[in-house]
Amino acid sequence: MAKQIAISMETKIEEQLPMDKIVDKSLKKTPTIEVNDAKVWYGDFMAIKGIDMSIKRNTVTAFIGPSGCGKSTFLRLFNRMNDYVDDFKMEGKIKVNGRNIYKDKVHVEELRKEIGMVFQKPNPFPKSIFENVAYGLKIQGITDKKLIAERVEKALRQADLWEDVKDNLKKSALALSGGQQQRLCIARTLAVEPSIILMDEPTSALDPISTAKIEELIFELKEKYTIVIVTHNMQQASRISDYTAFFYLGKLIEYNKTKTVFTNPEKEQTENYITGRFG
Amino acid sequence: MANATYQREVINQAGLDMLNLSISQLEKAKEAFVNHDSDLAEEVMNIENRVNALDLKIEKDCEKFIALYNPVAIDLRFVMAIRKINYDLERIADHAYGISKYVVDVDKKIPANLIAAVEFDKMFATILLMFESITDAYENKNVKAARKVFKKDKILDEINVQSFSIIESEIKKDTSIIAEALLLFSVVKKFERVGDHIKNIAEEIIFYIDAEVLKHNKKK
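Each protein sequence line maps, in turn, to chains A and B. With the working numbering, you'll find the first sequence wraps up at 1045, consecutive numbering, no jumps. With the working numbering, you'll find the second sequence wraps up at 489, consecutive numbering, no jumps.
Simulated from the structure, these hints should not be mistaken for laboratory data. Think of the CB as a built atom: it goes at the ideal place given N, C-alpha and C, for glycine as much as any other residue. Where hints are given, some of them may not hold.
As the list claims (entries may be wrong) - Computed spacing ranges between beta-carbons, pair by pair:
hint, chain 1, residue 1, chain 2, residue 2, range
1, A, K912, B, K333, 54 to 60 Å
2, B, D286, A, K1025, 29 to 35 Å
3, A, K1023, B, D286, 55 to 61 Å
4, A, R1043, B, E328, 24 to 30 Å
5, B, E328, A, F891, 52 to 58 Å
6, B, H305, A, R1043, 39 to 45 Å
7, B, Y275, A, Q886, 45 to 51 Å
8, A, E857, B, D286, 31 to 37 Å
9, B, Y275, A, F811, 34 to 40 Å
10, B, G367, A, R1043, 23 to 29 Å
11, B, A271, A, K1033, 16 to 22 Å
Claimed, not checked - Straight-line distance between alpha carbons at most 20 Å, and here's what the computed SDA-like set of lysine to any residue pairs gives:
hint, chain 1, residue 1, chain 2, residue 2
12, A, K920, A, V872
13, A, K1025, B, N339
14, B, K378, B, I478
15, A, K932, A, F896
16, A, K1025, B, E449
17, A, K887, A, K932
18, A, K1023, B, L398
19, B, K417, B, A448
20, A, K1023, B, L345
21, B, K297, B, E311
22, A, K1025, B, A342
23, A, K1033, B, K378
24, A, K861, A, V872
25, A, K879, A, E919
26, A, K1033, B, R352
27, B, K370, B, A448
28, A, K1025, B, A480
29, A, K1023, B, A480
30, A, K920, A, V958
31, A, K1033, B, K370
32, A, K1025, B, R346
33, A, K1025, B, F476
34, B, K458, B, E481
35, A, K1017, A, G834
36, A, K1023, B, R346
37, A, K1025, B, A283
38, B, K333, A, M1000
39, B, K377, B, H305
40, A, K1023, B, V482
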C-alpha cells in the first residue's frame, strides 16, 4: 500500500513538474538518492514498510511525522548508520549518486565521505576548533598542512563561522555556544566535501537566533549540496524545504512539493498531522 | 477542544454572525426603501455600528489566529477565506446603510409601477436565494450550494443592464419621477454589487473547502 502511495506521489510530482517547464535548473538534474521498496526490521518489529522515494540533487527535503514513524530510521539508511543497531535488517535498494550502497563491496567509510551527517545535539570533539574541522581530512590521509588549512577555512566560511572563530582557531570547540558548536559540526561535515548532508533535528537544541542562522545556512548550502532534514518543527519544514515527506507508522504517506503539502495536502492524514488534529 | 480548534470555532461563529447580520441589514434596508419607512431605515443605520465592531473583531481574531497558531493547509485557507468573506459582508452591510440613508435623506416614495418595471422584487428574491445558498455552504461546508450562486448572479447582472433603458423610458414617459427613478436606479446598482460580493464569498468558501481558486475564472 505504502509502495503504491509512494509511487503515485512520485508520479504526481513528475506530473506537476514537466521537465521542460521547470524554472529551477537544479530540478532537471538526476536524482541523488533513489530508494526502491525499502523495508527495515529491528528484530521482529517492522520499522519501514516498503518505501519508494527519489530525492533530487540540490534540493532540501524535509522528513516529518510523529515520533516513531520511521523518519530517522529512513534517513539513517542513506549513510548506513543503522548498521550498528542490533537486530537491524533491511531489504530493498538504495542508490546514492547511482550506486547501490547496500552492496557488499561498498566501503561505509567511503560512503560517509559522500554523505555527511549533522545530529540533534552538537557533538564537537574535545579538541580545538581547527582540529575538529581538520579531523575528517586527516582521517582521509591528507597530510598537506597548507591544503588542510585551506579546507578548514573554506568549511568554516561555508558554515558562516569563520568570522566568529578566525582569531581563536586553537580554542577548545567546547567553549563555543550551542549554535556555534552546531555550525562547527556542519563545517566538519563540509570539510570532507560530501555531496549530500543528512540532518537529524539539527536545531531542536538551539535558541531561535541560532536556529535562524542554521536555516539560513541550509538555504545557502543547497546550491552545492543535497540536504535531507528530519524535523519536528512544522514551520521549519515549511520555511526551508523544497519537498516534504510525511511518514506515519513506517509508511510514506505523502511526498510532494512543500508548498503543496502546507497549503493543500493530498492526503487527509497529512492534513490532520500538520494542522495538529492528529491522534 | 484544543485551543487552536476552539479559536477557529470562535472565528467561524463570528463569521456566521456577520453573515446573518448583513443579510438582516439588507432585508430591512430593502423593506425601508420600498415602503419608505424612515424608522426602519434609521434602525439599519444605527445597527451599522454593530457591523463595524464585528468586522474589527473578526479582523483581530484572524490576526491573532495567524500569529499564535501558525495555521497551515485547511486552517490557513479557512482564515484567509474568512478575512475576505468578512470584507465582502461588511461591504454588503455598507450598501444596506447607503440604501437606508437614501430613505432618511430623500423624502420620496418610489412608485410601485416603477419598482415593478425594473423587476426589483425578482432582483431581491434572487439575492435572498443567493444568501440562502452561501449560508448553507458556510454552515455545512457545502461546495455544491456555494456553486449555485454563480448562475443566479447572472440574473442580477441582466436586470441591472436592462434597468438603464427601462428607467430611461419611464423618465421619458413622466419627467416628474426623475428623482425617484434615479434613486431606484442607484439601488439596483447597489443590489448588483451585492450580488458580486455574494459571488466573492462563494468563491472564498470553495477555496477554503476544496482549495480551488475561482477568482478571475470565467468558467465557474
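Which numbered conditions among the earlier hints are violated in the structure presented, ordered from lowest to highest? 3, 6, 7, 8, 10, 12, 14, 16, 17, 18, 19, 23, 26, 31, 34 and 37
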